[in-house]
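Undergrad: Spelled out, the chains give:
Protein chains: 2
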Amino acid sequence: MNKVNLKDIAKHLGISIATVSYVLNGQEKERRVSSATAEKVREAIHQFEYTANQIAKSLKTKKTNTIGIIVADINYRFTTHVVRAIEKECQLYGYTVIFGSSYENPETFLTILNVLINKQVDGLIVIPVDNDRGYIEQLKSREIPFVIVDRVPEGSDLSIVSIDNKDLAYQCTQHLVKTGHQRVAFMSYQTGLSHLLDRKAGYVTALQDADIEIDQNLIIEIDEKNFVRGVQSGIDALLERGKSCDGIFFTTDTIAVEAIKYLNQKGIRVPDQVGIVSFDESDAFPLFHVPVTHGRQPLRQIGEVAVKMLLELIDENTPKGNTILKSTFIVGKSCGEK
Amino acid sequence: MNKVNLKDIAKHLGISIATVSYVLNGQEKERRVSSATAEKVREAIHQFEYTANQIAKSLKTKKTNTIGIIVADINYRFTTHVVRAIEKECQLYGYTVIFGSSYENPETFLTILNVLINKQVDGLIVIPVDNDRGYIEQLKSREIPFVIVDRVPEGSDLSIVSIDNKDLAYQCTQHLVKTGHQRVAFMSYQTGLSHLLDRKAGYVTALQDADIEIDQNLIIEIDEKNFVRGVQSGIDALLERGKSCDGIFFTTDTIAVEAIKYLNQKGIRVPDQVGIVSFDESDAFPLFHVPVTHGRQPLRQIGEVAVKMLLELIDENTPKGNTILKSTFIVGKSCGEK
DNA sequence: AATAATTGCTTAAACGTTTAAACAACATAA
DNA sequence: TTATGTTGTTTAAACGTTTAAGCAATTATT
Numbered sequence: 001m002n003k004v005n006l007k008d009i010a011k012h013l014g015i016s017i018a019t020v021s022y023v024l025n026g027q028e029k030e031r032r033v034s035s036a037t038a039e040k041v042r043e044a045i046h047q048f049e050y051t052a053n054q055i056a057k058s059l060k061t062k063k064t065n066t067i068g069i070i071v072a073d074i075n076y077r078f079t080t081h082v083v084r085a086i087e088k089e090c091q092l093y094g095y096t097v098i099f100g101s102s103y104e105n106p107e108t109f110l111t112i113l114n115v116l117i118n119k120q121v122d123g124l125i126v127i128p129v130d131n132d133r134g135y136i137e138q139l140k141s142r143e144i145p146f147v148i149v150d151r152v153p154e155g156s157d158l159s160i161v162s163i164d165n166k167d168l169a170y171q172c173t174q175h176l177v178k179t180g181h182q183r184v185a186f187m188s189y190q191t192g193l194s195h196l197l198d199r200k201a202g203y204v205t206a207l208q209d210a211d212i213e214i215d216q217n218l219i220i221e222i223d224e225k226n227f228v229r230g231v232q233s234g235i236d237a238l239l240e241r242g243k244s245c246d247g248i249f250f251t252t253d254t255i256a257v258e259a260i261k262y263l264n265q266k267g268i269r270v271p272d273q274v275g276i277v278s279f280d281e282s283d284a285f286p287l288f289h290v291p292v293t294h295g296r297q298p299l300r301q302i303g304e305v306a307v308k309m310l311l312e313l314i315d316e317n318t319p320k321g322n323t324i325l326k327s328t329f330i331v332g333k334s335c336g337e338k
Numbered sequence: 001m002n003k004v005n006l007k008d009i010a011k012h013l014g015i016s017i018a019t020v021s022y023v024l025n026g027q028e029k030e031r032r033v034s035s036a037t038a039e040k041v042r043e044a045i046h047q048f049e050y051t052a053n054q055i056a057k058s059l060k061t062k063k064t065n066t067i068g069i070i071v072a073d074i075n076y077r078f079t080t081h082v083v084r085a086i087e088k089e090c091q092l093y094g095y096t097v098i099f100g101s102s103y104e105n106p107e108t109f110l111t112i113l114n115v116l117i118n119k120q121v122d123g124l125i126v127i128p129v130d131n132d133r134g135y136i137e138q139l140k141s142r143e144i145p146f147v148i149v150d151r152v153p154e155g156s157d158l159s160i161v162s163i164d165n166k167d168l169a170y171q172c173t174q175h176l177v178k179t180g181h182q183r184v185a186f187m188s189y190q191t192g193l194s195h196l197l198d199r200k201a202g203y204v205t206a207l208q209d210a211d212i213e214i215d216q217n218l219i220i221e222i223d224e225k226n227f228v229r230g231v232q233s234g235i236d237a238l239l240e241r242g243k244s245c246d247g248i249f250f251t252t253d254t255i256a257v258e259a260i261k262y263l264n265q266k267g268i269r270v271p272d273q274v275g276i277v278s279f280d281e282s283d284a285f286p287l288f289h290v291p292v293t294h295g296r297q298p299l300r301q302i303g304e305v306a307v308k309m310l311l312e313l314i315d316e317n318t319p320k321g322n323t324i325l326k327s328t329f330i331v332g333k334s335c336g337e338k
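Chains as they are written, first to last, in the UniProt record's numbering: chain G, 1 to 338; chain X, 1 to 338.
FYI, nobody ran anything at the bench for these hints, they're computed from the structure. Be a bit skeptical, because a hint or two may be false.
With a Cα cut of at most 30 Å, we get these calculated DSSO-like pairs of lysine-lysine [what the hints assert, rightly or not]:
1. X:K60 - G:K3
2. G:K88 - X:K326
3. G:K261 - X:K266
4. G:K333 - X:K266
5. G:K140 - X:K326
6. G:K243 - G:K178
7. X:K140 - X:K308
8. G:K57 - G:K11
9. G:K63 - X:K62
10. X:K338 - G:K266
11. G:K60 - X:K57
12. X:K178 - X:K326
13. X:K261 - G:K178
14. G:K62 - X:K7
15. X:K333 - X:K308
16. G:K88 - X:K88
17. G:K62 - X:K266
18. X:K11 - G:K62
19. G:K320 - G:K266
20. G:K63 - G:K140
21. X:K200 - X:K266
22. X:K261 - X:K166
23. G:K308 - G:K140
24. X:K178 - X:K166
25. G:K63 - X:K3
26. G:K63 - G:K7
27. X:K261 - G:K338
28. G:K88 - G:K308
29. G:K7 - X:K7
Part of the chain X face toward chain G, derived, beta carbon under 7 Å [said to hold, decoys possible]:
30. T51
31. I55
32. N75
33. V83
34. V115
35. Q120
36. S162
37. A284
Cβ atoms here follow ideal geometry from the backbone N, Cα and C, with glycine treated the same way.
With the hints as constraints, model all of the structure from the sequences given.
TA: Listed below in structure tokens is the structure:
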């Protein structure tokens, strides 16, 4: 038994499809459907449990009430939290979410982009792919509203949601200094991505403001290809005698977790031997023997704002721009705090 | 400038829409389009970068190449891993994924169900909502192919992907016994859900097989409403003098993590004072000072199999049934293993 | 030479909606 | 009386595809 459609309802009531449609779309007043007819229609709709075929509707109205989101990998803490907020917010506004993962692969990214566009999504939220350069041009040439999350590319006619990476990195570094660490190291990925450059700038500025000289030996930048080994040899290098490093600022939670594992393994005591601060938290932190001091991005808010910006963009009544959200700083005990 | 459609292509070439469509769908042979014409069409398609409007296509073919998945919360380890596999598998077969979260709320679940059905998804994968009873009837009455993951409801004309919960729980318990623990406790949620009942059965059977008497005092079942307190008072109860509990089997990773946090906090040494095993792992385990022995569900495989079953169901050439996947058991050092 | 088969296309209906435009019936105003 | 409005409804085109059916031109068969 096939789903009942407008025609079925109309035939059953002996009226035209148009009339039924008007009632359904709340246009009885404008289209002067008599209240008797309207009532009949409502009854029939209820009786037959009619629900509109959104595909047909979309074809006609050119609106799918669907947004696409392209993430790097759903299996990241950042992603799940942001996606969760996006989906919640969309539920609120009657939008649904189609999603695809690029797995950091630019080609996959473009494939997904095409699929989503052919599905006629009303807009896109993009959590960018590392190392991908051309996607913004592709997006722009498609004339589809989109919002970029997290990463701030050049070019200002874009809609972007991000946080002040430099500021939060500044706070992280400053906290290490304030808790008595003199030789504060920096551990990050080897990359040209804006958010990580900003974090480095925050680190540098904080040290300068504290009149501490920057020591290039304390700056470790890891090749992602060789992640685990990179972290380990980075830690080894930092903690070798002579360097007298007494604090480390990790620019991502992934690096922090891997480093903490290794510190655990080597029996290095935190915070006694070395104080640590992480940019971003990890669900794993609570299992470490001491609460890890860290910066916290407002992931939920990032998702919410991204959706709001996108929906405004879709409704065409908004200027584009970069929305910068406030982060918070969570003080634990990994720097020897009282 | 609007997207180019079949009509544009046809007009440009001075041929009919039908011919273009036939070429596009690889029906040149059957429909006897001359190779000259076909070539012209292909060129034009390329030149204008034509891509089909999937909405129109779907309306006609009644196929959206989209599946819906309803999860409890994207923010769970189980969910992200399964969803990741589902999406990867779908990419392979040219399907896209629409998703919605029920947040454990049956009403939200039904709302999402309706939205997805109106979007004409070809099928559904459902990671069930705790405490929801009616959803299966709702699903069945909708005559839409669907696969249930993880939880095994009564009624056998369903397609289900699950693991052998009893068997894996048996292994977990047996391992505690084999590593010298005599007074093995069980900590789970207070629930009637099949997978947790099965895990309890595994625990009981393992002890019986080892000729150890079941002690109701060592069985803790936590009210989810009061989760953190429940875990803590459960641990307190188990470790109080007199009970001489020397091992605990946690039936979920969430319970295990919360318990480990509390053990940490209280300074209780694992595995010296108490050995622990967890059903399911957590990304947090590596930060614990000792590797946690645990059962591992084949999450990726669960996702893959769910998709395969669903696509077969959609193509109508498959019997339904319960596919039970093999789990593995990861030996750490949390039971005092050498 | 007449008929049949093949080739290469086109026509047009259909999918389930929305919506501008038309229309019939009646009421009101001049 | 004629024109003018108002009310309640229907008609039909359109959205961008797919696809069965039709048809003219050419080629093959008898």
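Undergrad: K88 (chain G) and K326 (chain X): Cα distance at most 30 Å?
TA: violated (34 Å)
Undergrad: Next pair to validate is K62 (chain G) with K7 (chain X); report whether the Cα-Cα distance is within 30 Å.
TA: Cα-Cα ~17 Å, so holds.
Undergrad: Run the distance test for K320 (chain G) versus K266 (chain G): straight-line Cα separation, threshold 30 Å.
TA: violated (50 Å)
Undergrad: A closest beta-carbon separation below 7 Å is what the hint needs, so does Q120 (chain X) meet it against chain G?
TA: Since chain G brings a Cβ to about 5 Å from Q120 (chain X), closer than 7 Å, the hint holds.
Undergrad: Keeping to a limit of 30 Å between CA atoms, is the pair of K140 (chain X) and K308 (chain X) held or broken?
TA: holds (19 Å)
Undergrad: Within a Cα-Cα threshold of 30 Å, do K261 (chain X) and K178 (chain G) meet the stated pairing?
TA: holds (28 Å)
Undergrad: Can V83 (chain X) be said to touch chain G, with a Cβ gap under 7 Å?
TA: Hint holds; V83 (chain X) Cβ to chain G Cβ min 6 Å, cut 7 Å.
Undergrad: Does the structure keep K7 (chain G) and K7 (chain X) at a Cα separation of 30 Å or less?
TA: Holds: K7 (chain G) and K7 (chain X) sit about 28 Å apart, inside 30 Å.
Undergrad: Using Cβ atoms only, decide whether T51 (chain X) comes closer than 7 Å to chain G, and label the hint accordingly.
TA: holds (5 Å)
Undergrad: Compare the distance between the alpha carbons of K333 (chain X) and K308 (chain X) with 30 Å, and conclude whether the hinted pair is satisfied.
TA: violated (37 Å)
Undergrad: What's the verdict on K88 (chain G) and K88 (chain X), does the C-alpha distance respect the 30 Å limit or exceed it?
TA: holds (23 Å)
Undergrad: Taking 30 Å as the top limit, are the C-alpha atoms of K63 (chain G) and K140 (chain G) close enough?
TA: Roughly 19 Å separates the two Cα atoms, so the pair holds.
Hints 2, 5, 15, 17, 19 and 36 from the list above are not met by this structure, while the remaining hints are.
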